[in-house]
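Protein chains in written order, with the UniProt record's numbering: chain Z, 1 to 298; chain P, 1 to 412.
Source of the hints: derived by calculation from the structure; they are not laboratory data.
Backbone N, C-alpha and C fix where the C-beta goes; we use that ideal spot for every residue, glycine too.
Treat the hints loosely; a few may be bogus.
Residues on chain Z that point at chain P, a partial pick, calculated with CB under 8 Å [said to hold, decoys possible]:
{"id": "1", "residue": "L51"}
{"id": "2", "residue": "R71"}
{"id": "3", "residue": "L74"}
{"id": "4", "residue": "Y76"}
{"id": "5", "residue": "E80"}
{"id": "6", "residue": "R81"}
{"id": "7", "residue": "G82"}
{"id": "8", "residue": "I83"}
{"id": "9", "residue": "Q86"}
{"id": "10", "residue": "K88"}
{"id": "11", "residue": "D90"}
{"id": "12", "residue": "F95"}
{"id": "13", "residue": "F96"}
{"id": "14", "residue": "E98"}
{"id": "15", "residue": "S144"}
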Amino acid sequence: MSLKLEHVTKKYRDFTAVQDLNFEIEKGEIFGLIGQNGAGKTTTFRMILDLQETTEGTITWEGKPINSVNRDILGYLPEERGIFPQMKVDEQLYFFGELRGMKRDELKKEVDFWINRFDLEEKRKDKAETLSKGNQQKVQLIASFIHKPKFLILDEPFSGLDPVNKDLLKNAILLLRDQGMTILFSSHQMENVEELCDHLCLLKRGVSLFSGSLLDLKKQYGKTKLTIRTEMPLEEANLPGVKEIKNIKGEYLLTLEDESFAKGIFDVVSNGAYIEKFSLDYLSLDEIFKDQVGGVHV
Amino acid sequence: MSKFTLLLKQLYKQKLKSKAFLLSTGFYLVLISGFIFWSDIKALFNDSDSAADVVAVYNQTGANIEEYFTDTTDMEFKEINSLDKIEGALEDGDYLAAIELSDVEGKLAAQFYSYEPLKFSLQQDLTTQVETAGQLYAISQMNLSAEQTKLLMDTTPIISMKAFNNEESGKTADEKMAGMLGSYAAGIIIYIIVISFLSIITTDVASEKGSRALEMLLVSVKPETHFKSKVFGTFLVAITQLVVLIGAVLLLTSLKDGGELWSKITDYLNELSASYYIFVVAFLILSILLYLIIGALFGSLVSKVEESSQVMMPAMIVIIAAFYVMIAGMNNPDTILIKIFSYIPFTSGMVMPMRMGGTDISIVPPLISLAVLAVTVAALYYISITFYKRSVLTYSTGGVIQKIKTVLKVTT
Numbered sequence: 001m002s003l004k005l006e007h008v009t010k011k012y013r014d015f016t017a018v019q020d021l022n023f024e025i026e027k028g029e030i031f032g033l034i035g036q037n038g039a040g041k042t043t044t045f046r047m048i049l050d051l052q053e054t055t056e057g058t059i060t061w062e063g064k065p066i067n068s069v070n071r072d073i074l075g076y077l078p079e080e081r082g083i084f085p086q087m088k089v090d091e092q093l094y095f096f097g098e099l100r101g102m103k104r105d106e107l108k109k110e111v112d113f114w115i116n117r118f119d120l121e122e123k124r125k126d127k128a129e130t131l132s133k134g135n136q137q138k139v140q141l142i143a144s145f146i147h148k149p150k151f152l153i154l155d156e157p158f159s160g161l162d163p164v165n166k167d168l169l170k171n172a173i174l175l176l177r178d179q180g181m182t183i184l185f186s187s188h189q190m191e192n193v194e195e196l197c198d199h200l201c202l203l204k205r206g207v208s209l210f211s212g213s214l215l216d217l218k219k220q221y222g223k224t225k226l227t228i229r230t231e232m233p234l235e236e237a238n239l240p241g242v243k244e245i246k247n248i249k250g251e252y253l254l255t256l257e258d259e260s261f262a263k264g265i266f267d268v269v270s271n272g273a274y275i276e277k278f279s280l281d282y283l284s285l286d287e288i289f290k291d292q293v294g295g296v297h298v
Numbered sequence: 001m002s003k004f005t006l007l008l009k010q011l012y013k014q015k016l017k018s019k020a021f022l023l024s025t026g027f028y029l030v031l032i033s034g035f036i037f038w039s040d041i042k043a044l045f046n047d048s049d050s051a052a053d054v055v056a057v058y059n060q061t062g063a064n065i066e067e068y069f070t071d072t073t074d075m076e077f078k079e080i081n082s083l084d085k086i087e088g089a090l091e092d093g094d095y096l097a098a099i100e101l102s103d104v105e106g107k108l109a110a111q112f113y114s115y116e117p118l119k120f121s122l123q124q125d126l127t128t129q130v131e132t133a134g135q136l137y138a139i140s141q142m143n144l145s146a147e148q149t150k151l152l153m154d155t156t157p158i159i160s161m162k163a164f165n166n167e168e169s170g171k172t173a174d175e176k177m178a179g180m181l182g183s184y185a186a187g188i189i190i191y192i193i194v195i196s197f198l199s200i201i202t203t204d205v206a207s208e209k210g211s212r213a214l215e216m217l218l219v220s221v222k223p224e225t226h227f228k229s230k231v232f233g234t235f236l237v238a239i240t241q242l243v244v245l246i247g248a249v250l251l252l253t254s255l256k257d258g259g260e261l262w263s264k265i266t267d268y269l270n271e272l273s274a275s276y277y278i279f280v281v282a283f284l285i286l287s288i289l290l291y292l293i294i295g296a297l298f299g300s301l302v303s304k305v306e307e308s309s310q311v312m313m314p315a316m317i318v319i320i321a322a323f324y325v326m327i328a329g330m331n332n333p334d335t336i337l338i339k340i341f342s343y344i345p346f347t348s349g350m351v352m353p354m355r356m357g358g359t360d361i362s363i364v365p366p367l368i369s370l371a372v373l374a375v376t377v378a379a380l381y382y383i384s385i386t387f388y389k390r391s392v393l394t395y396s397t398g399g400v401i402q403k404i405k406t407v408l409k410v411t412t
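Use the sequences and the hints to build the structure in full.
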């Protein structure tokens, strides 16, 4: 076990930002912390990073209190983007690396590798303030892990990136994970969380609604999303166990009360009619998220 | 290399290369050079061959008065025999002005003529020359011997001081004048450095906080280390600028008039005691540190760099007030107002050296004032470090008081 939060609470005078939060992250795992704005994600990150004290509870890294571990094992990408505007790209990376205890000659290989990987070779001698927002974000991201931390926290790493750079980042995160780095990240874009994380914690107004594996979360809802493409008009059919039916671009999207109704529906729909598509799925994380934190029933 | 040293080095290098530092240092160097070489610069713009700076003297007294007028770099005096064509000569610019001298009941009377109304400074210079000539003319009427005239002219008294209270120094007027000038220079240095570097440190912290670069830094660096690096890094930059400017002053004054100006300055400086210099340097260092601590703390309160001028304002007002108190005290450094301000830590750095230089105080008041300043700097430093940890990651709106309240609210 790398990181463990036990009964972590953060209270201000008249406001509780995080309440009784518990989760664990295995070494070399990518863990997602999801929640709406104001759910307590950044406060949780700051407590893990020892930038804020917990009101109650404990946070440990490999069994030791987080505030007693060497700070250089940590890496952090804040939600808001910012680097030193007057510093050149490579100087910036050397500075952050040296600050975290690495020597300049050790850093050279890393700086060259990541500058190349993030397609910043032509910009390496440019001042940060002259870069595009996306490139600044890439520099800041590299700066957060240039010292090869054991534990990396990424707060909304995908926001503001175009699809090409998003893929670059995803691949980089997977590469870092493969190198043994433990990664905790937050994102509003659930498809990224779904793609990268095995485990997650879902926060709503400081309270954990779920903490565990993504599959377990999906299993809680069951396979209740049924997609059917057929010429048969399903709006008029009397289908059992259907909570809602929508026709989206020629496909019917059905929300079932329970996955056990799927077989009965198949019998009705397939009775003498040709079916192009009949697909029973778990809800997407995005749908679960909206249901859990937004109060929307899917 | 420790994290503190790394941050300090990065800040020092960055600030030294910054346009703001280079421009301000350049500006001060130009200002200093202009001040030191003012007479040479003025001479460049004055056409020395022109007759416009000649003042005509028409003497009707019969006495040898022309020799009482002394030529200066700005004007020379020339005797004329008649005023017949003077209006035309003045209009043509042959003369800058003309003076008609006559005797009225044994006293010298002077009538000034000019084509355009005379400039105030020229009028003053001419009046001074005529007054001196008038005194000499009056003396010449007494038919005194050469020795008697010499004795009468050499009226400067020989003054020495002896105060019976041994605790007080009993300085001569020259010593006090040197002290006042030294204090004035120290006060100006404190004022300029505080005004420039308070803004630099506040904006620097605010910019790092606003850009969130600070959040990345604080993961590996403790807030107190970051605070220390900002205060001492900016202090080093300020001292560097000061050393450059003092070096320039030394170099330029030694070059001016073959070192004549430098020897005049050293004459002044020699009037001052070693303890005076120690006190001035101590007040200077502590005052700069005090304001830099305040600047870093205030910078940590704002959410974005645009708000930094708003939080700097109270400290700016205090330093400007201190400067005006110092200026007011130049005329009379013994007032109760000056005494009070010389103990207030935010103003003592500028006011106490002036009292030390310009009045007969014992060593005790400066020691008390310095101790108060040192304790305030130490206390503010530790309070600031504690508060900085809480304020540097708190983002809020409103004025300074509102921001402080928000920090206390969300971090306790």
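Hint by hint, here is what the structure shows:
1. L51: Holds - the Cβ of L51 (chain Z) comes within 8 Å of chain P, reaching about 6 Å at its closest.
2. R71: Interface hint status for R71 (chain Z): holds (5 Å vs cutoff 8 Å).
3. L74: Cβ of L74 (chain Z) sits 5 Å from chain P, so the hint holds.
4. Y76: Since the shortest Cβ distance to chain P is 4 Å, the answer is holds.
5. E80: holds, 4 Å
6. R81: holds, 7 Å
7. G82: Check passed: Cβ of G82 (chain Z) comes within 3 Å of chain P, closer than 8 Å.
8. I83: holds, 6 Å
9. Q86: Cβ of Q86 (chain Z) sits 6 Å from chain P, so the hint holds.
10. K88: violated, 11 Å
11. D90: At about 14 Å, which exceeds the 8 Å cut-off, the nearest Cβ of chain P leaves the hint on D90 (chain Z) violated.
12. F95: Status holds, d = 6 Å.
13. F96: Holds. Min distance 7 Å.
14. E98: OK, holds: E98 (chain Z) within 8 Å of chain P, min 6 Å.
15. S144: It holds, given that the least Cβ distance between S144 (chain Z) and chain P is near 6 Å, below 8 Å.
Consistency note: the structure conflicts with the earlier hints numbered 10 and 11.
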